[in-house]
Each structure stands twice: as C-alpha cells, then as structure tokens.
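Protein sequence lines correspond, in order, to chains A and B.
Under our numbering, think of the first position of the first sequence as 1, with each following residue one higher.
Under our numbering, think of the first position of the second sequence as 1001, with each following residue one higher.
Hints in this document: simulated from the structure, not taken from any laboratory.
None of the values given here were measured: they were computed from a predicted structure.
Backbone N, C-alpha and C define an ideal beta-carbon position, used for all residues, glycine too.
Hints are not guaranteed to be accurate.
Calculated from the model, a selection of chain A residues having no Cβ within reach of chain B, i.e. all distances over 10 Å [what the hints assert, rightly or not]:
id	residue
1	His32
2	Ala47
3	Ala57
4	Ala64
5	Ala72
6	Tyr73
7	Ala82
Simulated DEER-style distance windows between Cβ atoms [claimed, not checked]:
id	chain 1	residue 1	chain 2	residue 2	range
8	A	Ser34	B	Gln1136	41 to 51 Å
9	B	Ala1061	A	Ala57	46 to 56 Å
10	A	Asn143	B	Ser1137	24 to 34 Å
11	B	Ser1152	A	Ala77	25 to 35 Å
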Amino acid sequence: MTSSAASVIAALQNALAAEQAASYGYGIVGAHLSGARQAEATTDWIAHMRARDALTAMISARGAQPVPASVAYQLPAPVSSAAQAEALAATLEDGVARAYLGLVALTEVALRAFGALQVRAAALRAENWQGFTVAFPGLPPQNLRG
Amino acid sequence: MTEPSRRALLAASASAAALPMVLSACKGVQALGTPPAPASDIRLLRAAIAAEELMVARYAAAMLQVARAGPAPTASANSAVSVSLQAVHAQHLQHLAQLRSRLAAPSTARPLPSPAPPVLPTGAPAELAALEQAEQSSSDRLIGELAGLPPSLAQLFASIAASEATHVPYLRAVGQAG
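All chains should be modelled from the sequences, with the hints used to inform the complete structure.
Here it is, written out as structure tokens:
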C-alpha cells in the first residue's frame, strides 16, 4: 500500500507548519539568552529556517501550494527569562518531532528516512535545552500500548 | 535470536499482507506450497527486541559496576552517574515494553536465555564511552531499517532511534561533570 499524494502533501504541510512555528519561536528564545546559549539558539534557529525552506521546496516540487506562515504565533507560556526561553525551545522541538513523525508514517522510503532524521535532530536539540532525555520523542502517549 | 514463530504476527498492523499468511496457516503448510518466509517486519521487530534486551543488560551491568566502583573523584559525582544510568536504563525498559507489545505472540511466551552480561571496560569514563557508542549504532541501525515497515512500527522505531541518539550527549555531559 502506498501513501496517497494527498496524505504526502498533508504530512509535508504539517511539518512545514511546525518549522514555521519553530522559526518564529526561536526568535523569541534567542532574545532572552546570552553568550553560549544564545549562540546555540542561533544555530538551531538557522537549522529550522533551512528545514522550513526545504519543506517549502518539496511541497512546490509536488505541485502543491505551501501554506504560508502565520504573522504571529500564540506562545504556550509567557517568556521573560532565560529558563522560560529554554523551556520554549524544548516545546518547539517537541512539536517539530511530532510533525516529522507524520512523514515517517508515509510509505515513500526517502520521505520516511528524512522524517526519521529530522525527528532525531529535534530530539537532540530538545535534550540540549532541557538537559534530560525522553523514551519516545514526538510520539503521542495514545500511540503507546499498555 | 530464535526463529520467529509462524504464529507471530504484528499486533500493530493486521495488514492485508499479513492476513493471508495467518489464514492459510490453518490449512497447513501443504496448502501453501512453499512455506512463507517470516515477514521481514517480524524479523526486524524481533531483532529490535533482542537489541533492546542487550541494551538493558548493558545498563544493568554498568549500574552494578558504578555501585561497586572504587572511590570516585567525589561521592556526588559517582551518584550523579548512577542516577543518569538508572534514568537511561528505565527508558530502555520502556522501549522494550513497547516493542514487545507489537508482537501478538509475545517474545516472552518462550523465555529467551538472558543475554550474557556484557564485558564492559572498567572505569566509568570508558564504560560511558562504550554505552554512547552502543546507543549511536543502535539509533543508526533502527533508522536504516524503516523501509517497508508498517507505518506505526516505523514511527516507533524512529522515535526509539531518536531517544537513543539523545542518550549520547546526555551520558557525555554526565561523564564530564563526573
């Protein structure tokens, strides 16, 4: 069974939306950090903008219209300190990991591998921000058994 | 690794591909002509379960070794390593439980011999480095096995691969702090 073209586009649009949100959010993250942590935020920010551009191109190449980013995003929690900024970064990465797991569910081998590598990259960035690891990055609890 | 049971099938995906094999199994092998090869996703799932069992054993051995270890630079450094090893060990147990839940015939039905306790390098830094390497190669292997898996199993493999990759910087930070 092969994923339908529509489900491929929907998963790519979902990943794009998560990357757009992350690109917006990291601007706020970086503004509340300094020194080495700010440099790390900048590195991650650039990674998200590159991924956003790559996804935009992938959607266009499949003949669909990439959904543009929102003008502004509602933050999950107010950010006024470095600790809150780091927590926001971790939350953004979680959303990104979840969206890329949608690509892993597709049957197209290249998209599946791309999605898995992006889930891993997001999990690694999240670990850097929160200082701990989780057993199932990006996987909603309802997808777990038992 | 034992041969996958013919009865074993993926609980996750009673997929159209898996179903005929199960139904025809009732008629006996003759009706099939040549017996079907075990589905590759079942082989990969069983291999992933065996790999997680080994990983759990490695962490258990490492935790024992740290507990028995000679004087650490400081007592708190030793306990920080110990707490971190326990945290990662617990996550591997979660991986193992989820992987096992994807088999309709659980691999625990026929008890496997517990893996031989792996020989670990002595000394916490070398031990941590060996674990980091095991995590990285396990993560890479899982990502290399995604093609052809049922979607929900592919997602589980990818998520576990991501988790294992994060153990590398996590353990490294612990080693440096120690």
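Check: Falls inside 24 to 34 Å, the C-beta gap from asparagine 143 (chain A) to serine 1137 (chain B)?
Finding: About 25 Å separates the Cβ atoms of asparagine 143 (chain A) and serine 1137 (chain B), which means 24 to 34 Å holds.
Checklist line | alanine 64 (chain A) remote from chain B - nearest C-beta pair above 10 Å | finding: holds, 21 Å
Notebook entry, point to check: When you look at the beta carbon of alanine 57 (chain A), is every beta carbon of chain B farther off than 10 Å?
Noted result: holds, 23 Å
Item checked: Least C-beta distance from tyrosine 73 (chain A) to chain B larger than 10 Å -> Nearest chain B Cβ is 24 Å from tyrosine 73 (chain A), so the label holds.
Margin query: A cut-off of 10 Å on Cβ-Cβ distance, and histidine 32 (chain A) was said to be off the interface with chain B. Does that hold?
Written below: At about 22 Å from chain B, histidine 32 (chain A) clears the 10 Å cut-off, so the statement holds.
Notebook entry, point to check: In terms of Cβ atoms, is chain B entirely out of 10 Å range of alanine 47 (chain A)?
Noted result: holds, 15 Å
Check: How does the Cβ-Cβ distance of alanine 1061 (chain B) and alanine 57 (chain A) compare with 46 to 56 Å: does it lie in that range?
Finding: holds, 47 Å
Note to self: Between the beta carbons of serine 34 (chain A) and glutamine 1136 (chain B), is the distance compatible with 41 to 51 Å?
What the structure shows: violated, 32 Å
Next item on the list: State, for the Cβ atoms of serine 1152 (chain B) and alanine 77 (chain A), whether the hinted interval 25 to 35 Å holds or is violated.
Entry: holds, 31 Å
Notebook entry, point to check: When you look at the beta carbon of alanine 82 (chain A), is every beta carbon of chain B farther off than 10 Å?
Noted result: holds, 18 Å
Note to self: Minimum C-beta separation from alanine 72 (chain A) to chain B exceeding 10 Å: can you confirm that?
What the structure shows: Correct as stated: the minimum Cβ-Cβ distance to chain B is 29 Å, above 10 Å.
Hint compliance for this structure: hint 8 alone is broken.
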